[in-house]
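Please dock the two separately framed chains into a single complex, following the hints provided.
Protein sequences, first through last, are from chains A and B. As numbered in numbering that gives the first Met the number 0, residues 0 to 236 make up the first sequence, in order. As numbered in numbering that gives the first Met the number 0, residues 0 to 163 make up the second sequence, in order.
Wrong hints could be hidden among the right ones.
[Said to hold, decoys possible] Quick look at which bits of chain B chain A covers, simulated, 3 or more residues with Cβ under 8 Å: (1) 39–51; (2) 69–81.
[Said to hold, decoys possible] Beta-carbon label-pair distances, calculated as ranges: (3) K147(B) to S164(A): 50 to 58 Å; (4) G35(B) to S118(A): 54 to 62 Å; (5) E150(A) to P109(B): 40 to 48 Å; (6) H113(B) to A25(A): 52 to 60 Å; (7) T222(A) to G35(B): 45 to 53 Å.
No lab work stands behind these hints: they were computed from the structure. A quick note: this is a predicted structure, and the numbers were derived from the prediction, not measured. Heads up, the beta-carbon is just placed ideally off N, CA and C, and yes, glycines get one too.
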Amino acid sequence: MSQEKDKLIIELVNKGLDGDMDSVNACDDKIIRAKAKAMIMKVKKGTLERPSMPESSSDAPKEPAVDNATNSGKEDDSFQKMKDMLSNEFPGEIDEIHGDGILYLKPDKWLEIAKWLKSESSLFFDSLQCQMGIDVGNDMLESRYNLHSMEHDHYLEVRIKIPRSDAKIPSVETVWRIADWFERETYDMLGIEYEGHRDLRRILLPDDWEGWPLRKDYQEQETYHGIVVPKMKEGWE
Amino acid sequence: MGLLTNKFQQDNVIVEKLDKLLSWSRSTSPWFFQFGTACCAIEMMAAAASRHDMMRIGIIPRSSPRQADVMIVAGTVTMKMAIRVKKLYEQMADPKYVVAMGSCATSGGPYWQHGYHVLKGVDIVIPVDVYVPGCPPRPESLIEGLLKLQEQILEDRPLTRKMT
Chain A
0 MSQEKDKLII ELVNKGLDGD MDSVNACDDK IIRAKAKAMI MKVKKGTLER
50 PSMPESSSDA PKEPAVDNAT NSGKEDDSFQ KMKDMLSNEF PGEIDEIHGD
100 GILYLKPDKW LEIAKWLKSE SSLFFDSLQC QMGIDVGNDM LESRYNLHSM
150 EHDHYLEVRI KIPRSDAKIP SVETVWRIAD WFERETYDML GIEYEGHRDL
200 RRILLPDDWE GWPLRKDYQE QETYHGIVVP KMKEGWE
Chain B
0 MGLLTNKFQQ DNVIVEKLDK LLSWSRSTSP WFFQFGTACC AIEMMAAAAS
50 RHDMMRIGII PRSSPRQADV MIVAGTVTMK MAIRVKKLYE QMADPKYVVA
100 MGSCATSGGP YWQHGYHVLK GVDIVIPVDV YVPGCPPRPE SLIEGLLKLQ
150 EQILEDRPLT RKMT
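Bound-form chain B, shown alone (with noise of 0.2 Å):
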């Protein structure tokens, strides 16, 4: 409630389009999906607890698809986690984005020439909406990874027809 503290005069009367409502009520609470594939994991369990602290900006861990907005695909994603990733996916509501978080998640990493058991970029199999590069990244670059993916959900138009 930061932004809006001591803005009105008497009544507290807003004029705004309801779309932009949306989506800015929307991108400061995209709650996570938390799982982990591999050691990403432990970077992003540093990133939500305290020094840290991701519920600061309002995202929170949730440990069912259901609760989530965003997933975070934290780790080397092999063959056998692939097909599991995208049906963790798949049981998320609408709206959901997906942040490939580190070197395997974004390419593959180094498993890219010779790894046969890795999938090359979780982007594959989802869509993923930001890059988080780092092997591991640091607490600070997932922060700033979330961050844009704040701005990405501001300049979503929920309410607008697409034009296809």
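Bound-form chain A, shown alone (with noise of 0.2 Å):
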């Protein structure tokens, strides 16, 4: 791919500087026609030589659109494989697919899942970028991970859902260490329990406070260390 790149970019040069500029602007890819453009007026400042014609030269400026084409179905592509890859490492553990790289996963392997997302060479999820929690109504929490991997340059949103009354789920701190304080967010406004986590303590409020804020059902104590909590200045509004 990188090859015909390259080719289309010596190509545009050199019909660039032959003055017809025109099919140098005309290419819809921006970032060839940056390398192009740049290419050109090393050559003109004479830093670099003028590069030879290459041989296959027939349809250069078609060649882009076809190049949009197969990005955008290789990224679904890549998304397929690595579904295909974890339910083969995994079986079961995969709950629920939606498109746009978003996977729900059953909360039991995840530790295990998460070890292996980093670790498996043709992943290599090597960065957590953001951990956060919802609830989702119906008695339901849901703990969402952005994984991306920046040797591939892909991504993966693992989602996992579990019950209120139960809310446990593996912690990913000893493998993403980012996910340390992002994890005690989400325990301090959620109370989603991170089985396995070195220090789950609460981040944002107090120790003690009693309650889990961002629940649907929360209600806020009436009082805080003999401080009341809820408005009390009543007839101000």
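Quick look at the structure:
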């Protein structure tokens, strides 16, 4: 793929140097256009020799459009591949599949799956970009993980649904160190217990606060250390 | 000293109530406790910096509650912070004054209705002398509030026995 792009760039550079800048500007792919223009500038300055014309040069301007189409197809393919690999490695762990790179997993084997996602060389999810919690209603809580691989530049969103009454999920704090504070915040706001977390305390609210504020059924406490919590200055509105 | 320059005859004798002299000297140097709880602190810093220059009216930031006379509560006071604010207030030496700066410190501000974690006005935990509204108030408003506080201090009679 990149060889074809190089060819295209060199072709455009040659055209541009011959005075045909219109065909350079007509190129749809921004990056190729920019590279070609930069190369033209360098050749004109004399810091770079003029590249020789590649052999096959028939349908040059059409190619970037084809590139784009295959690219978007490729993304879906990679998600499909991830999904297949995961279901082969951990059969029965995928709960539900959404498009757009979102997977619902069951909580039981999450830690093993996380370790595998990070260590498997063709996936290599080395960065946990975000972790958050949400109360989705119907007595269900959800913990979401946005994963990204620096090496392969692909993304995956993992969601784990659990009932409010038994809100326990294995902690991935030992896999991605950043999850430490993320999970503490989710625990603070929604009361999801991350099992295996080495320092699971509240992070924003005081340690002796009662209840989980972002749950939909949250009732604020009456007093905190003798201070009235709900608004009390009646008649001010 | 601007008030007194070239105001005397030969002997620099002044006849005045000691009460008044004390409150006058006190009012011209209300050092404030330098701490901020939220975004109002930025305006407080601006007020203390060179453009607005609170020092010209004798107001200097101090970093210890033991050396401060005025506590400017600049910003949102959360429940977690309320306990600390109260403790700091108790550490200040008498006489002490409190300025509640901004909507949050005066009434809870935007957290009035649904902010379960915010104190609905710092006057719930400590007595407040001057309220400065605004979100956040401009440095001019803060200085106006401090001038009002100076007027209040001038009216104090620290040596007179209080009628109860």
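Hint check:
1. A count of 0 residues in the region 39–51 of chain B with a Cβ less than 8 Å from any Cβ of chain A is obtained; the coverage claim is therefore unmet, three being the minimum.
2. Proximity of the region 69–81 of chain B to chain A, defined as three or more residues with a beta carbon under 8 Å from a beta carbon of that chain, is established by the 3 residues found.
3. For K147(B) and S164(A), the Cβ-Cβ distance of about 55 Å falls inside the hinted range of 50 to 58 Å, so the restraint holds.
4. Our hint of 54 to 62 Å for G35(B) and S118(A) is violated, since their Cβ atoms are close to 46 Å apart.
5. In this structure the hint that E150(A) and P109(B) lie 40 to 48 Å apart at CB holds, the actual value being about 44 Å.
6. At roughly 55 Å, the beta-carbon separation of H113(B) and A25(A) lies within the given 52 to 60 Å, and the hint holds.
7. Distance hint for T222(A) and G35(B): a CB-CB separation of about 27 Å, inconsistent with the stated range 45 to 53 Å.
Consistency with the previously given hints fails for numbers 1, 4 and 7, ordered from lowest to highest.
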